[in-house]
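Enquirer: Sequence:
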Amino acid sequence: MPITVWGLAIAQALLTSGNILLVAVSALIGKQLAAHPLLITLPVAAQFLGLIAATIPAALLMQKLGRKVGFVLGNLIGLVGTWVALQGLEASSLYGFACGTLLIGMAIGVGQQYRFAALDLCSVEQRSRAIGIVMGGGVIAAVLGANLAIWSQNWADKPFVGAFYGLFAIYVVALLLISVLPLAKAVTVKPTDRVRSYAELFQQPLLIAAVASGVVGYAIMVLLMTATPLAMDHHEFPFEDVAIVIQWHVLGMFVPSFFTGWLIRKFSSRTVILWGCIILVICALINISGVSYWHYFSGLLLLGVGWNFTFIGATHLLSFTYSPAEQGKVQGINEFLVFSASAIGSLLAGQGVVLLGWAWLNWLSIPVVVAIAWLIWRLDEVKMTAKAQSAWQNLQA
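Numbering (full-length UniProt numbering), first residue to last: 1 to 397.
Treat the hints loosely; a few may be bogus.
Unchecked claim - Pairs of lysine-lysine residues, derived as PhoX-like cross-links and limited to a Cα-Cα distance of at most 20 Å, are as follows:
id	residue 1	residue 2
1	185	64
2	31	185
3	64	266
4	185	68
5	68	329
6	185	329
Hints listed in this document are in silico derivations from the structure and should not be mistaken for laboratory results.
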């Protein structure tokens, strides 16, 4: 396995640590600065907006100028965003702080390309393992991000300022790391290479299955993860219990990454995604069956594992659906759809718990997961993969 893949895993760990740190403080800062309750989540909404807005441009930019240029630019945007957020915080300006989280969201959107950058350096046989190694960086983040939020409380006199000192340091380290990693150059598109339209690309059952699996797996995970603290608070669990449940959920998301690639090589992406769908359904049934601490703990742990299997399996399937000339186009639209769906899931979580209740939120997630499982069940992965690769190879002939 190329050494750069391990470097990208560290970059992914830094990115996810920053995300966890930001999630831990953004809503609390919004509550502190907002003049009206409706504006409390403005910084979080701005972060999601920045992330979604960056997905397609980041993928296309990296195809044209290379991965290193794209990642350096992304981390520089993160540094600027952190500085802007700090100025907003120091000035007690909600809108200034939200401008900072918008830029940080853009940096996060660029960083979502780390797992695709690993694919550029690997043979077809190494792809699934490379994706798993990079995503496995989240294990470090599960510990570092949460603890950094705690440690940074004493780094400044004003509340939450220390967290952004920590975030600034994360982007500096990531920038230095990316600067020394050997990454793929820009993709050379020959005049004879034809780039298919989105309509043509989405005629591939393999692409539809890959995108749908990633979208649904991520949206369901974010929906239930975001709703869990609200549901546990409603049932009067202490914050310490909520924190432990979420921490083990994050470990469930990333620890399997170290063997998900091996499972894909041994059993196929289709099988692993189906296992992920089954685990997500079991998670929902556990959540429906009771509201004890162990119901929440086991349900959220399985939610993380189910997400891991569907997301990594979907990423692996996606890698067979485009030519080098179409790389940025397909990776960009995939990230745009996945993170748009996750943003919707996040926004619906609060309303869902209040209007429908925790149990009904889980009941409604089951048919969505079953629909994706049915789509994947009908997929002949070997045949469709060969057909997809043949199609884009013919475009270059």
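Enquirer: Quick check: which numbered hints come out false for this structure?
Expert: 2 and 3
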